[in-house]
Amino acid sequence: MALSTSTSTAASKPLKKPRKHTDNFSGYAFIAVALVVYALFTAYPVVKALIISFQAYKPLGSTYVGLDNYEATFKSALFWKSIRNTIEYTLLTVPVSLFLSFTIAIMILPLRKKVQNVFKAIYYLPAVASGVALSVVWLWIYDPLPEGIFNKLIGFFGISSQNWLGSSATAMLSLVIMSLLSSHGASIIIYLAALIGIDESYYEAADLDGASFLQKLRHIVLPFLRPTTLFLLVTAVIGSFQVFQNAYLMTGGGPDHATTMVGLLIFDNAFKYFEFGKAAAQSLILAAVIAFISLLQFKFLGKEIDY
Amino acid sequence: MALYNQHIGSPKIRAVRNTLLGVLLFLFALATLFPIYFMVISSFGDPVEAGAVSYSLWPHKFTLDSFVFFFHYSKYSVRWILNSLIVAGCVTVSNVIFATMAGYAFSKVRFRGRALLFTILLAAMMIPYQVTQVPLYILVVNIFQIENTYSALILPSLVTVYNIFLAKQFMSAIPTEIIESAKVEGASQFKIFFRIIVPLSKTVMAVIAILTFMDSWNTFFWPLLVTNTMDMQTIQVGLKNFRFANTTYFSPMMAGATISALPMFILFFSLQRYFLEGVTVGAVKG
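Going line by line, the protein sequences match chains A and B. For the first sequence, the working numbering begins at 1 and goes up steadily by one. For the second sequence, the working numbering begins at 1 and goes up steadily by one.
Simulated from the structure, these hints should not be mistaken for lab results. Careful, some of the hints might be misleading.
[Said to hold, decoys possible] List of simulated lysine-lysine pairs, DSSO-like, C-alpha gap at most 30 Å:
(1) B:75 <-> A:272
(2) A:299 <-> A:81
(3) B:61 <-> A:152
(4) A:113 <-> B:202
(5) A:272 <-> A:48
(6) B:12 <-> A:113
(7) A:58 <-> A:75
(8) A:114 <-> B:202
(9) B:75 <-> B:61
(10) B:12 <-> A:114
(11) A:272 <-> A:58
(12) A:81 <-> A:272
Looking at chain A on its own, in the form it has when it is part of the complex (with noise of 0.2 Å):
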């Protein structure tokens, strides 16, 4: 299954020699926009975040003010503060969204192909849908009027009807369960790609031995998918560590910043306050502790696996 990126084509390399400079002509013409793109709106403005967060950045004349702004970051207690929010958001999210994608792809795995495929289109739907439009129904759903979509729903068992955007208590759960129900469709479809790729010797060799079902999960099952749940674990920490949106249309990170995730206090920086060097010095927090968590993952779970 893997599209491998093998290019060893080492014995017909004395043979290329001659034609290297043509080559090198169109290699270069092929990827002349996509360099020009890259360095324009990539290369750039990394570099320029590194010079504006020792910057008071000012449209005409920004003055260098050494290390203020990384200063001010780590005395900021709302700093600190959204850091927590967005550990919180990720540990709430990350494992129980892996742990049901991967759930329901063992449970989609036995069923006919046309079954599979019907499913895999069911959870992937909400992914296409904008943010915005998500936000404008999960909006309604959380109302917080006794008639609310989930206050009813949470009537059933009992419950007092919740102020779920609109209190610091439940705010943050309020954000994590509509993450929940609208962003496993992916990983549901990529674990199934991994679970379809398992090689049927493998089970046959169990079944000779008698192996149960949780006894293949267990010893045959989870080793092969680890790869791709390290996969899957790396960009849902990345992309949680980034999240943003949702609290900015839902919750604006209120109330009493209790959703305030890193990715909206810096956006508010940039845009609602224009301290464009505190911006860029806490993105550039956010991209080293984002480098040292998903080296942590590599080291501790990327052990026994070669790519």
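Guided by the hints, dock chain B onto chain A, whose structure is given.
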């Protein structure tokens, strides 16, 4: 799949088990689909309700008045959809062309610095969006001074690293012998690309096209940042403004949300295979 007991002797047990799994999956599917279902049926309600909003889980009424209401709210409503189409269309076409070209170069053309350049490109995927956001805004608004234009909406996403990565992954699987023998016959790299690579890469081009169009259609923050008049906004920004200006109009808001999502649903149901392929093609590598 022999993870499950096949129950070869008793097809009945197998049928019962699969039905049970189907029911569980169906229940979870209901929870997943509910917000979308709720959005669509609510959009057919009356635009202005007397008294409190009545949430109904069943379509008790069918009128398109709320859609009319949404389009009458601003004379630019149609323009928003048009803007989204123009921007997403341009971004999609340019991504398909330039990502495919770059993907070919990075997978099959030998040129100096290829591996290094590709690594530098890939490194960009690790950088959070927040880092480039502010400088990108300054670049477009203060330096290029193209705020509130189509260029501002389109240029930064002309070709994305992710799409180049997808194209490269796919094309690495094309046998190099085909290209070598074309070279022997004297074909130029450009001829090889258009005559051999493009016809063989239709799948990945379709995947790139669909994912890019969807991303661009759904994108919200960049258009929010670089547009400042109603006539240049995209449907997502327009919908958000409608929501903030009319907090009490339940059905029209749902109608607006439905309008913003409908093109993607149509696209999804007609080209499902490519959507689902797009999910795995970038992910499964090990």
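Now for the hints, and whether the structure bears them out:
With a C-alpha separation of about 28 Å, the suggested pairing of residue 75 of chain B with residue 272 of chain A holds against the 30 Å cut-off. A threshold of 30 Å between alpha carbons decides the hint, and for residue 299 of chain A with residue 81 of chain A the separation of about 28 Å falls inside it, so the pair holds. Between residue 61 of chain B and residue 152 of chain A, the direct Cα distance comes to roughly 21 Å. Compliance with the 30 Å bound is thereby established for this hinted pair. Distance restraint check for residue 113 of chain A and residue 202 of chain B: the Cα-Cα separation of roughly 24 Å lies within the 30 Å cut-off, and the hinted pair is therefore satisfied.
Pair hint residue 272 of chain A plus residue 48 of chain A holds up; C-alpha atoms about 20 Å apart against a cutoff of 30 Å. Our distance criterion of 30 Å between C-alpha atoms is met by residue 12 of chain B and residue 113 of chain A, whose separation comes to about 19 Å. Taken as a hint, the residue 58 of chain A and residue 75 of chain A pair is honoured in the structure, with Cα atoms around 23 Å apart against an allowance of 30 Å. Between residue 114 of chain A and residue 202 of chain B the alpha-carbon distance is near 24 Å, which keeps this suggested pair within the 30 Å criterion.
The hinted pair formed by residue 75 of chain B and residue 61 of chain B meets the criterion: a straight-line CA distance of about 27 Å does not exceed 30 Å. Of the pairs offered as hints, the one joining residue 12 of chain B and residue 114 of chain A holds, with about 20 Å between alpha carbons and a cut-off of 30 Å not exceeded. Of the pairs offered as hints, the one joining residue 272 of chain A and residue 58 of chain A holds, with about 15 Å between alpha carbons and a cut-off of 30 Å not exceeded. Among the hinted pairs, residue 81 of chain A with residue 272 of chain A is consistent with the structure: their alpha-carbon atoms are about 19 Å apart, no more than 30 Å.
When held up to the earlier numbered hints, the structure conflicts with none and fits them all.
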